[in-house]
Amino acid sequence: MIPTVFGILFAGFLVIYLTPGDPALMMAGQDAPPEVVENIRQQWGLNEPFTVQFGKYMGNLMRGNLGRSMTSGWEVAEELRRTLPRTLELVLVATLWSVLIGVPLGTISAVKRGTVVDRVSTLIAVIGVSLPVFFIGLMLMWLFAFELKVFPMGSYGGPLWTLKGWRHIALPSLTLGMFSTASLARVTRSTMLDVLGQDYIRTARAKGLAKNKVVYRHALKNALIPVVTLIGINMARLIGGSVVTETIFSWPGVGRMMIMGLTSQDIPVIQGCLLAKGLMVAVLNLVVDVTYTFVDPRIKLSQGGI
Amino acid sequence: MMMKRLFLCLLVILLAGGFAFAGGAQEPTGGEAGEPDFVKDGVLITATHHEAKRIDPQKDTGIETILCAKLIFDSLLIMDFDMKIVPLLAESLPTISPDGLTYTFKLRKDVKFHSGKPLTSEDVKFTFERWLNPTTASPSAARVAVIDKVEAPDPHTVVLRLKQVSNTLLAELATGFASILNKEDVLAQGENFGVRTADGTGPFKITNWVRNDHMLLTRFDDYKWGPEYYENRGPAHIREIKHTFISEYNVRAMKLEAGEIDMILRQIPATDVARLQGSGLQVVTVPILTTRLLAFKVTIPGLDDVNVRKAIAHAINKKEIVDNLYGGMGAVADWPLNPNAPGSKLDPRFVYEYNVEKAKKILDDAGWKVVDGVRQKGGVKLQNFVFISRSQYRDELALIQSQLAKINILIDIKPLESLGFWPALEAGEHSMFHLNLPYSNADILYSYLHSSSRPRPNAHDFADPKVDELLLKYRTAPNPADAAAATAEVQRIMMEKVLWVPLYYPLGTHAINPKVVHNFRPHPEYDTGTDKFLDLWTTRK
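Which chain is which? The protein sequence lines are L and W, in order. Numbering (the numbering used here) for the first sequence: 1 to 306. Numbering (the numbering used here) for the second sequence: 1 to 541.
The shape of chain W in the complex, shown without the other chains (with noise of 0.2 Å):
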């Protein structure tokens, strides 16, 4: 009996404890019906799937990082919405000399890091150096490997010095990767920096970062050398951000519904779009400059045959992929690079449109006949070719198979998890590949065809001296037009050999509470579809 009381105690306990003390996180106010006023000063909650590793985009070039770099720091130059290239931290585009060796930036004078101290070129030079000495290891330093020296002559102007002539450091100076750091912070931080907080001249600090749990930024009131792109060059309209870490999709789904937080970042599955717009959520989408391809082994014998490789980008059906898997969030690609991307030169003539007749009968005029339901010709089946991914793309690999079985071409799916997909590659396991292609320019196709990047990135086990001249004419030829032809001609060539099948361009999606956000403009560099949320408000006190 006294157990019994006691159980029932404690269960009645609990309850009410919960009941007397719900509430929850604050409810933000919102209008209910017309457009809200506009309020200053308000509160944005956001969430992602994991946390930046560090504020140091030098030195990892995760997606979160450099989400957060982009509101923490600011570069020379930036990319607007259009993807057009404007200045930033520089007063204008640099003066480039005439044999397109020497760069001449002139900072702005009005711009100071978050700890107060004014922003000079030796900030600037001691950036550079950092990221291109070999002891910091940057991952992506090959991004800006033709600058020779860097120099600052007074502390308002940088000269970069090339080692030869570049057609691409302008796009890498815009991105993320290139955010301008401070020196006394870096030297001070020593190995620290941005472990924990990392000083910078964005319109946003870091007041507090607890791991794996959020991240506070607050507004920089002393900002105001926005990009001209926003109607609000500083400071920002909001004036914190507490960006928090949930692993779970399902639960930052239902922080948002419940109105907990106002913002998903990325990833938003196309299955849950409409159950999400059903609830009165906004899922906002913009076009990122990534492809899904399928990548090949040229030299594993039947893919060698550029009519079977071709025979497969006719038999599929990328529409179903799209339509199918991601409830049409994504485009159907025809071409490796996105049109939208510079550099990127699309030739109709190799454009393989779904087409399953004119598949068969490409592989039947090259002698490729149907033999016990297997594609033959001198002893080689079409059949055992192992094709590799991420396991996330499971659906859309099995998908595949059962498109390029109907002309009878079997596979052999292998999804693997993250850890192991670069390792296989490089190990040689496959035939075909899954290619996820995030890029700024033209300038990604180097690092993916070029002879020295074999095994990998080079995955294709792909070597042709004219497209390492081509890919590195596109890097260095003086002239633009040149340039562009030559990355026109590496991509003809490409498609031509069809060393890859372009599946879809997908789009980045955050989801939000329109009740809440406003005016809220997603990008499409990088994959991040963020940028300085200089124009956002919020509701939220």
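Okay, chain L solo, but in the shape it has when bound (with noise of 0.2 Å):
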């Protein structure tokens, strides 16, 4: 994990570097005068060569100081403490809704093949991954916020132990789980028919086993392997992709940090939500990797394996 995260760090740093524009510029303002812009570079290094530089942000991140935000002073680790556990929330409520929504769909629409039930399916996943999110989002928030008002328009709404919490995430977590619950219910439909033609599914059936239980105890669980992948892949798409839903839906996570960071070439700001976002990916992936375990209990987590 620490290589991974370096390198994250490094290339991130190397981006912003290398992108053309003026962080200094930024901070003063177009009408500043040049012995203003040059006094701003100065005081944040910017002068120095990209090595000083990064070495100096990497001295300070292993002392535990991310540094503060260049444009507007605050602590890059305190905004982080905030925006953090934001994104995670919304993240884990779009993957908990592709599971309970995709896998079922992919199921039903496996053990339905060629009847309607499948073709509903199969169009829910095309447009589940056809339209951009952007377009979703808003559709979602213009349809169940702003006509029927079953939802507020965004903004966090507080714990998910509260219900207030839970109808203020809907409409977001729906929107950023709308690419991943469409295409776990094709990879989920596509693996259960694998599972189903296999030959003791058939003798199961052959034995006198009801269908049900033919389906769920036993062809399901053989087919979760690519599933579970999938859902682990997604969750860290879903960690890079979440700015365009958190920018839409006022949510206050780590992606619009980022976004305004960018937009301002705040260098700290940048590198501290890079980091947050490569640790949670690392992370989700060992949890996706410990689930193996239990979906599959020939699978160990041994030196070398997975």
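Just so you know, the hints here were simulated from the structure itself, not pulled from any lab data. Idealized CB from N, CA, C, for every residue including glycine. Keep in mind that the hints are not guaranteed to be accurate.
[Unchecked claim] Label-pair distances were calculated between CB atoms; the ranges are: (1) GLY190/W / ALA11/L: 40 to 46 Å; (2) ILE2/L / PRO514/W: 42 to 48 Å; (3) SER402/W / ASP118/L: 51 to 57 Å; (4) THR4/L / ALA463/W: 49 to 55 Å; (5) ASP289/L / HIS50/W: 48 to 54 Å; (6) PRO20/L / GLY190/W: 32 to 38 Å; (7) THR271/W / ARG119/L: 38 to 44 Å.
[As the list claims (entries may be wrong)] Facing chain W, from chain L, some residues (calculated, C-beta under 7 Å): (8) LEU25; (9) ASN60; (10) LEU61; (11) THR71; (12) GLY73; (13) SER250; (14) PRO252.
[Said to hold, decoys possible] EDC-like cross-link-like pairs, simulated, lysine to aspartate or glutamate; straight-line CA separation at most 20 Å: (15) LYS164/L / ASP213/W; (16) LYS414/W / ASP22/L; (17) LYS221/L / ASP289/L; (18) LYS84/W / ASP221/W; (19) LYS40/W / ASP535/W; (20) LYS149/L / GLU257/W; (21) LYS112/W / ASP221/W; (22) LYS106/W / ASP82/W; (23) LYS242/W / GLU91/W.
Could you use the hints to bring the two separately framed chains together as a complex?
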């Protein structure tokens, strides 16, 4: 994990360094005299070589200091402590919807292959992967929040053990999870069809086992390995892709913080967000790896293995 | 089957939960017909594009910061709705010594900060010294750089000693940048000043700031020194302002129509005005002191000929830009500075009206003949001029490109993201560029035209010792009439040389729910479009 995180930070720093634009000028404003801009560059060490700037940043990081926002002055670590749980909540709830909706949808679709249910499920899946998140978010907001007034239009409503918290997270999490839901539904359908065609399933049915028992106790469990893999991949995608959803729904997460940092070339903020997102992905991948052992007891977490 | 049931149950729970607890924010009480009765202690919920970076007007010049600064702080002087300078924290306008080098202010004795600490001259002295201190690295320090020393001979007297005479200092002291800070609060908070909170003397105080979400301002109940141009000089009628930050305009509009917010501050797209008004909302406009203009780099071959620049000025149909791109929300600009701006002096001899035939004749008479569809003379072709602007003005660039093609001048448009705009100008990649120029008075010309400001913000590559002298004279001439004559001459020279083609004066716009928000009057200063909200009241409880 450490080399991965180091690589993310290095790449991020390099990209910012090479991007055209002047953070000092952004801070000073277009009318500022050149000497003021130069003063700001000196204060923030922006004139120093890349290796010196990156070295100083990593040195501070080792001491637990993520720095302050160059434009706003707040401590990056403090803001991440507030925003990271919000993004994590959003991603986890979005993943929950995608599993609770996508897996059953895919299973039903496989069992009822060729029927109207299968075709509707396919349609939902195509819509989910084709429509941009931005469009889905605004449409859901317009329909359920503006017209029907069923849900609020956005912003954080409180912790998830409160009803208000759930009402506020409903639309953003559904928006964020739409693509995952669709892809999970398709993969579940595909793997279920594969498993349902196996000899042991045919044998179980021939022996007189009830269809439901065969599908949910035997087939689905065996079809879940690739599904769990996809859940892990999707979660990583959701962490990176939460920016648009957080922007539309004014969700106070790391994504919005990152946008603010990028538009003003606020280096400590950008690096802090990259670090947070990188750590989230690494931790969630670990959780997914552990999940494999429950789904398939033959898989053990051992040295060199998964 | 089990999966199917689980799926259907989930869907029902989701919808039922939402329906059962639908309702959202409490609806404001609004009058159905006729003018509603005055309501005291209402709440105002606003939405804006993004939050202030920090509530420290000396370190951040952003419009959102100044908008908040006007509510949280006060300055010694202030501009009224007609841009006339009046006292605020000072009892009256300052006494100025005959040589123009000493300004003496008498402070009001009834002012206190939100913390309860009385305002004294020490706070004013500290404010200016911090502003001018190089370690503060204030982007706006040049506004008051003429101040040499600040003295506080007694708790309610402030004396400013100037390095030289200044005709612009009073105007600068009346802006949000000149907000007076609490010395104790700034020293106590150190690096954190303005990051979460700041102690001011303004009509509202910060009680909570959730970054990237909202800022809660509550009424300062002891406030009673509001500007004389308000009917209510304090405390404010509304007890609270919830200032929310919503990046996406469509979401701000939906929330306003749904009644979740009461006001959208600034930047209402012209294309949405009719729809908002059709929904029963009100779009309030104010002519802010900002000019959008096209500027030339006068050393580019072809553009170094004043006849070419004159022809371009005549060929641009500004009315088409304002009407087609901005729905008529704005006024065609014939002069670089809005006629309402202090120091603006229009000379009708150098107003270039839209006239394509005249443009063609000027070029023909100057020897620029059309060959293969492009104007040429002496081996120089009037083509491939790189016109740089911010990407949000892409449509404007395209329209100007098509207008200039009619007189056979071909330009390449290059819309850039904000981050890349000024670095591109500094790098000299341009032939022409777009400027969006906010200002309080004619002194803005110094920043953009003085030879020492090259390559930025003087990206014209323009240097004229006579203009330099006149720009300085506007700042320092002891006689106001001489100062006015100096800036008038600068403006005349600019327009005679056609350094700029003024395009239009945009309007400041806000959208309000008129059933909830009453007595809101926008303010033209510095593009914020707002002021102290003292007369405003709302029916939201």
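Here is what the structure says about each hint:
Between GLY190/W and ALA11/L the C-beta distance comes to about 34 Å, which lies outside the given range of 40 to 46 Å. The hinted window of 42 to 48 Å between ILE2/L and PRO514/W is violated, with their beta carbons roughly 59 Å apart. The hint said 51 to 57 Å for the Cβ distance between SER402/W and ASP118/L, and at roughly 53 Å that hint holds. As the Cβ distance of THR4/L to ALA463/W is approximately 54 Å, the hint placing it in 49 to 55 Å holds.
Range check, ASP289/L to HIS50/W: about 39 Å between beta-carbon atoms, so the 48 to 54 Å window is missed. Checked against the given bound of 32 to 38 Å, the beta carbons of PRO20/L and GLY190/W, roughly 34 Å apart, stay inside it. Taken as a hint, the range 38 to 44 Å holds for the pair THR271/W and ARG119/L, whose Cβ atoms sit roughly 40 Å apart. Evaluation of the LEU25/L hint against chain W yields a held restraint, the C-beta minimum of about 6 Å falling below 7 Å.
At a threshold of 7 Å, the smallest CB-CB gap from ASN60/L to chain W is about 15 Å, leaving the interface hint violated. Below 7 Å, beta-carbon pairs count as interface contacts, and LEU61/L has none with chain W, the closest being about 19 Å; its hint is therefore violated. Taken as an interface hint, THR71/L checks out: its beta carbon lies about 5 Å from the nearest beta carbon of chain W, inside 7 Å. Among the interface hints, the one on GLY73/L holds; its C-beta lies about 4 Å from the nearest C-beta in chain W, closer than the 7 Å criterion.
The restraint placing SER250/L at the interface with chain W holds, with a minimum CB-CB distance near 5 Å, inside the 7 Å limit. Because the smallest distance between the Cβ of PRO252/L and any Cβ of chain W comes to about 5 Å, under 7 Å, the interface hint for this residue holds. The suggested pairing of LYS164/L with ASP213/W holds, with an alpha-carbon distance near 17 Å, which does not exceed 20 Å. Note on LYS414/W and ASP22/L: the hinted pairing holds, with a Cα-Cα distance of about 19 Å set against a maximum of 20 Å.
A threshold of 20 Å between alpha carbons decides the hint, and for LYS221/L with ASP289/L the separation of about 16 Å falls inside it, so the pair holds. Restraint check for LYS84/W and ASP221/W: not satisfied, since their Cα atoms lie roughly 28 Å apart, outside the 20 Å limit. At roughly 11 Å between alpha-carbon atoms, LYS40/W and ASP535/W fall within 20 Å of each other, so this suggested pair holds. As the CA atoms of LYS149/L and GLU257/W are separated by approximately 12 Å, the hinted pair is consistent with the 20 Å bound.
Straight-line distance between C-alpha atoms of LYS112/W and ASP221/W comes to about 11 Å, which keeps the hinted pair within the 20 Å bound. Restraint check for LYS106/W and ASP82/W: not satisfied, since their Cα atoms lie roughly 24 Å apart, outside the 20 Å limit. Between LYS242/W and GLU91/W, the direct Cα distance comes to roughly 32 Å. Violation of the 20 Å bound is thereby established for this hinted pair.
Violated hints, in rising order: 1, 2, 5, 9, 10, 18, 22 and 23; the structure is consistent with all others.
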